[in-house]
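K.L.:
Residues per chain are reported as follows:
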Amino acid sequence: MPLREDIKKVLVIGSGPIVIGQAAEFDYAGSQVCRTLKKEGLEVVLVNSNPATIMTDKTMADRVYIEPLTLPVLKKIIEIERPDSILSTLGGQMGLTLSMQLAKAGVLDEMGIKVLGATPETINKAEDRQMFKDMLISIGEPVIPSKVVNYIEGALEYAEEIGYPVIVRPAYTLGGTGGGIANNPDELRIIGSDGLRQSPITQILVEKSVSGWKEIEFEVIRDSKNNTITVCSMENLDPVGVHTGDSIVVAPAVTLADKEYQMLRSASIKIIQELGVEGGCNCQFALDPDSFEYAVIEVNPRVSRSSALASKATGYPIAKVASKIAIGYTLDEIKNEVTGDTYACFEPALDYVVVKFPKWPFDKFVYAKRTLGTQMKATGEVMAIGSFFEQALMKAVRSIELGLDTLELKKLHDKSILEIEEFLHSCDDERIFVVYEALRRGVPIDSIYNITGIDRWFLSKINNLVHMDKYLREGELTEIKYKDAKDMGFLDSTIERLSGQKPPCRLKAAFKMVDTCAAEFEAETPYFYATFDEENEAEEFIEKHEDGRKKIVVFGSGPIRIGQGIEFDYCSVHCINALRESGHEAVIVNNNPETVSTDFDISDRLYFEPLTPEDIDGVLDTEKPDGVIVQFGGQTAIKTTKHLLERGENILGTSADSIDEAEDRERFDALLERCDIPRPKGRTAFTTEEAVKAANELGYPVLLRPSYVLGGQNMIIAHSDGDVREYMEIITSTADLENPVLLDKYLMGTEIEVDAISDGKDLLIPGIMEHIERAGVHSGDSISVYPPQSLSQEVKDKVVSYTEKLVRELKVLGMVNIQYVYYNGELYVIEVNPRSSRTVPYISKVTNVPIVNLATKVLLGSTIRDLGYEPGLVPEASYVAVKVPVFSFPKLTDADSQLGPEMKSTGEVLGIDRDFESALYKGLLGAGYELHKVDDVVLFTVKDEDKPEAVPLAKKFIDFGYKIVATEGTCKYLNAHGVKAEKINYFDEDKPNTDTLFDSGAVDFVVSTSKIGRKPATRSVQMRRKAIERSIATLTSIDTANALANALLSGKNLDNVQMVDISKI
Amino acid sequence: MSRNSTQYEHGKPAYLILEDGSVFSGWNLGAEGTAIGEVVFTTGMTGYQETLTDPSYYGQIVTQTFPLIGNYGVNEADRESAKVWLNGYIIREWCYEPSNFRSRSTLGEYLESHGIVGIYDIDTRALTRKLRSKGVMNGAITTDMPDDKPGFMREIKAYSIEEPLKAVSVKERVTYNCADPLCRIVMLDYGYKNNILRSLNARGCSVMIMPYDSSPQDIMAMKPDGIMLSNGPGDPSKETEVIRNLAELLKTDVPILGICLGHQLLAIAAGGRTEKLKYGHRGANQPVMDMEKDRIYVTSQNHGYAVVGDSITKDIGHVSHYNVNDGSCEGVGYNRPGTFTVQFHPEACAGPHDTQYLFDRFLENMLEYKKNKTIG
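Going line by line, the protein sequences match chains A and B. Per the working numbering, residue 1 is the first one in the first sequence, and the count goes up by one each step. Per the working numbering, residue 10001 is the first one in the second sequence, and the count goes up by one each step.
Hints may contain errors.
Stated by the list, open to error - Computed list of lysine-lysine pairs in DSSO-like fashion (alpha-carbon distance at most 27 angstroms, straight line):
hint: 1; chain 1: A; residue 1: K335; chain 2: B; residue 2: K10134
hint: 2; chain 1: A; residue 1: K335; chain 2: B; residue 2: K10293
hint: 3; chain 1: A; residue 1: K544; chain 2: B; residue 2: K10293
hint: 4; chain 1: A; residue 1: K544; chain 2: B; residue 2: K10223
hint: 5; chain 1: A; residue 1: K624; chain 2: A; residue 2: K642
hint: 6; chain 1: A; residue 1: K483; chain 2: B; residue 2: K10012
hint: 7; chain 1: B; residue 1: K10278; chain 2: A; residue 2: K335
hint: 8; chain 1: B; residue 1: K10012; chain 2: A; residue 2: K470
hint: 9; chain 1: B; residue 1: K10012; chain 2: A; residue 2: K486
Stated by the list, open to error - Label pairs and their in silico Cβ distance ranges:
hint: 10; chain 1: A; residue 1: K335; chain 2: B; residue 2: C10178; range: 53 to 61 angstroms
hint: 11; chain 1: B; residue 1: K10149; chain 2: A; residue 2: R506; range: 27 to 35 angstroms
hint: 12; chain 1: A; residue 1: P142; chain 2: B; residue 2: D10218; range: 53 to 61 angstroms
hint: 13; chain 1: B; residue 1: D10144; chain 2: A; residue 2: K410; range: 47 to 55 angstroms
Hints in this document: simulated from the structure, not taken from any laboratory. For each residue, glycine too, the CB sits at the ideal point set by N, CA and C.
Working from the sequences, and respecting the hints, build out all of it.
P.N.:
Spelled out as C-alpha cells, the structure:
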C-alpha cells in the first residue's frame, strides 16, 4: 500500500533528556523519522524537551517544540497543532508511554488522532506483564513462570512456590529501573518493595530466574500486509541476568546452529504478528544452552537501543523503514537504500562480526555499586566491526576509552589466583577483564563457564587472545605470527610492546564495505570498517567518486558518557553538514552506534573505527585528506591532535600548540598574565604532601582536579587536609600521575560561560550564559540561563572584552568555550577550551546563530563578516532559555547525588519562553520536577555554611504552603531564625525518622547539602539515596532549591505560559 | 588453525586457483589434496552442516560469505543427506573449539573424514565480489600446487559437472512409511534434502523415494496420491530423459509439487525454458512474493539456473512467485490441477521456515485429488 491518504500532519514525540536506558539512539531514530516523513511531503510536528538533539533542529520538522514531555503539555500542543496522527514507536519508552497516556486520557479519540506504529492495544499487550504473558500462552510461545503482584507479601509467597532465585521486574519503567535478582526472602523484600515504588502503577513481576541461559535478541519488522522479516539476531556474551544494555553483545548470534536460530526467528515473527506492530519490534529470548528449551523474556513494540545497534550492525535503516511502514508503505515498496537496487523486504546477510561494548559511569561514581543486573547502568556504548570476533572485541576495548589496548587489566596482576576466582563470581563492569586474567593464569575454560555462564565459545575466543599475547612474547616475530596477531586485532604498537620486536612487514588496514548483503549485490554505501586484507574497498570507492572536492576528515566523540554526551555528536553532524554545504567531501570516523553521525547517509564516508592513533592512521592513509577537524568531537577528538600533528596532517582550527597553552597550567598562567586577566590562585602537585601543602597555602576551600580532563572528571572541592588526602589516594591508585593535580582557590561566585567563534581576526559571541548555581557545581550540572538575568552591562562588557583578549592571545581559530566566575565585584577566568562545548546546541537554537556551521566555514577560510555576521556579541534574543540538567541517580546504587565540581548529570532539558520565570518553570517541569504541591513536607538538612541561606529559602517553601521538617542542627538554626520547622530523627535513630517520613509519602522535596559526601556509608549520602529511591526530588544545592522555590512562587502554570515553536524564532 | 598451549599452528598452505588465473593463498583444513569444481558462494550465516550435506551442491566448491564457520561443531541430526556432496569448501575462519550441546566433532574433523579439501584464511569477501562481477567460474583448491601450471589451468577450465543426478540419486526405491498415512507420495530423487522427507512425513504422508530416472509407468504403478519432484544439482536442460518422463507424468492427473531443480525440470517438460544466472541465489535471505497471498516470504535458496518467467505461457500456467530483488521467476502455478512448483526451499534447512505452508497446500491438493478419485 502506498502512502495513506488520511495522513497529512504527524505528531512525533521525542524521548526527552538522556538518562541511563534512553540515550542518543532515539535522536538517531527520531531524526531519521522526521527526515523520512518530510520527504514524503507530510507536515511534521515535533516535541522533545532535549535541546542537544539533531531532531530538534528547526530544519528537521515543520514545527519544533522544545517543551516538557508531560501529558498536559502535549495536550496543549495538540490543541494548537491539530495533527491527524501520532507516531508512537519511535520516541523510545517516553514516546510510547506518552502515546498511551494520550490515548487513555481520551485526547486522541476526542481529537480524532490516529496512532501510527503501534496502537494502544498493541502497546498494552506488550507492556502489561499479565496481558503479555496471556498473549504468549495463547500463541503457544513459552514463558518463564512468573506472577504479577501489587504487594510485597504476594511476591514472597509466589517466590516460595517457584523457588529462588527470582527476578523482579517493575511494570512500565525504563531500562529495568527498580528491578533485580533476589536470592532469598530478605533480598526480595528489599528489591520487591523498591520495584513497587518505582513502578508508576505499583506493579511488579516476580519471575523464575533463568540466569545462565543464553540471551538472544531478534530485531523484527512487520508491515500492514503482515510481511515480516528479521533484520538481525544478536547474542549477549553475558548470559541471562545482565541487562542487555549492560552486556557485551555480538551480532549476528554466533553460537546457534541453524535449528536453534530458526526456532527463535520463527518465534519472533509469530510474536510480532500477534502483537500487530506496524514497524520495528525487539524480541528477547532466553535459550537453555543444553537443550532446545527457550522462553520469551521481553518484547519492545518499538524502535529501541537494540534496533539502533542492529541498524548500524547491518546497514539496514530500521527507523527509516519503520516510519515508512507507519504511514502506509509495505516492505516490497520500500527500496533498500544501501544497494539502491533491492528492496527493504529482505534479511541482511553479514560477512563480518559486530561487538557492542557498554560504557559505564563508574569512573565518575567511584563509590557507586558496580554490580550488573537487571537494571541498566551504562550511559553509552561503542560498536566495533571485524572479520573475526577477536578483532572486533579488541577494537571495542580500544574504543571504550579506558586506555587499554588488550583485555589485560594491570590492577589485577597483584591479585592472587583465589582472589581472581572470587572476582569471577561477581558480575560487574570489569568481569570480561577478570575472565581474561583468569585465562591468563590458566584457569580452565570449564571452571570459568561454571562460574560465569559465559558460553565456552566466547571463553575460547578470549583464550585465543590470551595465547596470542603469550605467543607474541616468545621467540621470533615471524610474518605469519604478525599476520595472525593483526587478524586478532592487535595493534602494531601492541605487537611491538609485547614482542619487543619490530614487525617483519607492515600490514595496512584494508577497508570493507557494510552493504547488508555480504557482497551479493553491488552496493553504494559509503560505510566501512578495517580489517587486514589486500582489497581495500574504500580506496576503490574514493577513486570511483573522485570529483575534485576537497576531503576533510572529522573525528567523532565516541561513546556517550557523563561529561561528553550527545551534544558533541550534534556538533560533529553539523560540522559535516557545513562541510558538504560548502562543497567539501566530509568523512567521519566514530564508533558510537547510537548516534546520528554514524548514520551512513550523513557523511560522504563513514568509518566505524576506534579513535586511537593507529586506528585513525588506517583511515588517513586511505583517505589522504586535505584537512582534519578535531574541535567538534569533544575530548576524544581533541586527544588525537598530537598524533595528527606528528603525521603532518593539516589540522583545521586552533593549533595544537594553542590547545596545549590552554591546558598547561604554567603556560596558561603566563598567558593570563600577558592579558592582565585574573584567575583564582592555583598550584600544582604530584604527591599527596605537595597537595596538602599547596592547599594550605591557598586556604580552604580548594578545588582539586587532574590536568587534561573533560566533564570535571575526578574533581572535588576540599575543605580540609583529610579531603585532600582522600582525593590524592584515589587519583594515584588508578593511574600514574604523568600530569600534575591542579589545586585552585575556590571562589563561590556566579559562574558565567560563553561559546564563541573566532576567524583569527574577528570574534562572534552568540551569547553569554549565566549559571544559577554558584561556582563549585560543575557547569554541566548547573541550571544555565541565556541571556544572563543578574549581570550588569559592565560585567557583560568585561566578559566580551576578556573573551576577545583571550581568543586573540591564544590565536583561536574556530570554536572556543570560556568559563568565568564573578566574585566580589571581580571577574575571573576559570578555564578556556578551544573546542566546541555542550552548550552549543541550545545556544544555537535559541539565538538562531548556527554556531557549528559558522565555525566550520571559518575553519575553511571564511571570515565572520563573509558569513554575514557582525563581529562581537550578538544582540540578545527575545526569548529566555533555561537549560536544566537531568540525572540518572535512581539507576546507580550508592552513587551520591550531591552536586559538586565533578559532573554527574547524564542529560538536559530546555525551557524556552518570553520571560525568565516561564522559561525556568518549563525547564524544571521538563526535568521532571513536580511544580505544584502534591504533599505537605519539604525536608531540610543542610551543612553549616548553607544554614543562613536556608532561612529565606525555607520561608519561601512555607509561603507556598509547605511544612518544613528538618534534622536536628538545621531545625535548631531555622527555629532560632524565626522559621517554623519540625525536628525529625535521622533514619538510623529512633522512629519516627526520615525513613518513616519518606515512606509515609508526605515529602515533596528534600533539600540536603553536606560537607563530606561521596562515600556511601556517609549518613547524608544514605539519606539522599533513600529519598531518590523513593522518587522524591532531592536538591543538593541551595541555589537549585532557591530557583525551584521561586518557580513555585512565580505562579507559573501551563495556563499562563505559551508553547514556543522554535522554528519561528 | 589449531592451538596447543602457546603455539599457533596452521594447516598446510593451500591455494585457491580460479579459471581467470587469480590465486588466493590460505591454509588447508579437512583433507589434503586437490579439488576442482564450480566455485559458488552462499550468504547463509548459519547452517554450514546443512550446506555441506545438500546434494544440490554436487560438483561445486562452496564459499561461505559469513566469516566464522564451525562455531557450533557438527552433529548427527543436522545432516540433509548421508554424505558431503560438494567438492571443496572455502571459508574465512574455522572454529576448532566449537561450543554447542549437540556438537559431536569439529568442522575440520568432519571434512577430513569425508575427504573434502578445504581452505581457510582467504579474503572470502574479495572472492565473492569477483564471482559477483565475473559470474560463477571454475576453480581448484589444492595443497600441492602442480609444477605444470598451464596444464592445471586447462584442467580447471575443462571441468564440468557430468551426470550429477546419477551421482546423487538413490539407486533403488526407498520407502518411509507413516502409520495410517493420509497420502502416499512418490518423491523423485534428484538429490533430495532430508527435510523434504521430514516435512512430508510430519504431515502424515508416506514417501516412496524413487530414482531420478524412474519411468512414468513405474511411478504410476505405485498409485501415488502425489508426486514430489525434489531439489538437486546441475543444469536442468541437460536432463532430457528426466524431462521426457515428466512430460508423460503431466498427462496424468496426480498432484505434483516441485522444488528447485524439480521446479525447473517440470517447467521445461511443460514447454518452458531455463537460463543460467550469473552467480545464482544461494543463501537464507531471499525475499519472494507469493502473488496469490500478496505476501512476501523470506526464503532459503540454492540455485544457479532459473525458469524464464516469460516462457511460462498461458497454456502452461502462470508465474505464481517472483524474487523481490531481481524479479526472477520463483514459482509456477500450472493449469493442470493440483500442480505447483517453487524455486526456493520451503523445507528450509538451512534457512527460514516461513514457507512451510506450501507443504500444507500440497497435502490439500492430494486430499482433494483423493476425494475426487473416490467420487469418480
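K.L.:
For the pair supplied as a hint, K335(A) and K10134(B), is the alpha-carbon distance within the 27 angstroms limit?
P.N.:
Status holds; Cα separation ~25 angstroms.
K.L.:
Looking only at beta-carbon atoms, does the pair K335(A), C10178(B) fall within the given range of 53 to 61 angstroms?
P.N.:
For K335(A) and C10178(B) the Cβ distance comes to about 46 angstroms; the hint is violated.
K.L.:
Assuming the hint says 47 to 55 angstroms, is it satisfied by the Cβ distance from D10144(B) to K410(A) or not?
P.N.:
About 48 angstroms separates the Cβ atoms of D10144(B) and K410(A), which means 47 to 55 angstroms holds.
K.L.:
Do the alpha carbons of K10278(B) and K335(A) lie within 27 angstroms of each other, as the hint requires?
P.N.:
Given that 27 angstroms is the threshold and the Cα spacing comes to 23 angstroms, the pair holds.
K.L.:
Against the 27 angstroms threshold, does the CA-CA distance of K10012(B) and K470(A) hold or violate the hint?
P.N.:
23 angstroms, holds
K.L.:
Mind checking the alpha carbons of K10012(B) and K486(A) for me, to see if they're no more than 27 angstroms apart?
P.N.:
Given that 27 angstroms is the threshold and the Cα spacing comes to 20 angstroms, the pair holds.
K.L.:
Measure nothing beyond the straight line between the CA atoms of K483(A) and K10012(B); if it is 27 angstroms or shorter, mark the hint as holding.
P.N.:
Status holds; Cα separation ~16 angstroms.
K.L.:
Range first: 53 to 61 angstroms. Now tell me if the beta carbons of P142(A) and D10218(B) are that far apart.
P.N.:
Violated, since P142(A) and D10218(B) (Cβ atoms, about 47 angstroms apart) do not stay within the stated range.
K.L.:
Do the alpha carbons of K335(A) and K10293(B) lie within 27 angstroms of each other, as the hint requires?
P.N.:
21 angstroms, holds
K.L.:
Holds or violated: the 27 to 35 angstroms window for the beta-carbon distance between K10149(B) and R506(A)?
P.N.:
Given a distance of about 30 angstroms, which is inside 27 to 35 angstroms, the answer is holds.
K.L.:
Between K624(A) and K642(A), does the CA-CA distance stay at or below 27 angstroms?
P.N.:
18 angstroms, holds
K.L.:
Straight-line Cα separation of K544(A) and K10293(B) no greater than 27 angstroms?
P.N.:
42 angstroms, violated
When the structure is compared with the earlier hints, violations turn up for hints 3, 4, 10, 12 and for no others.
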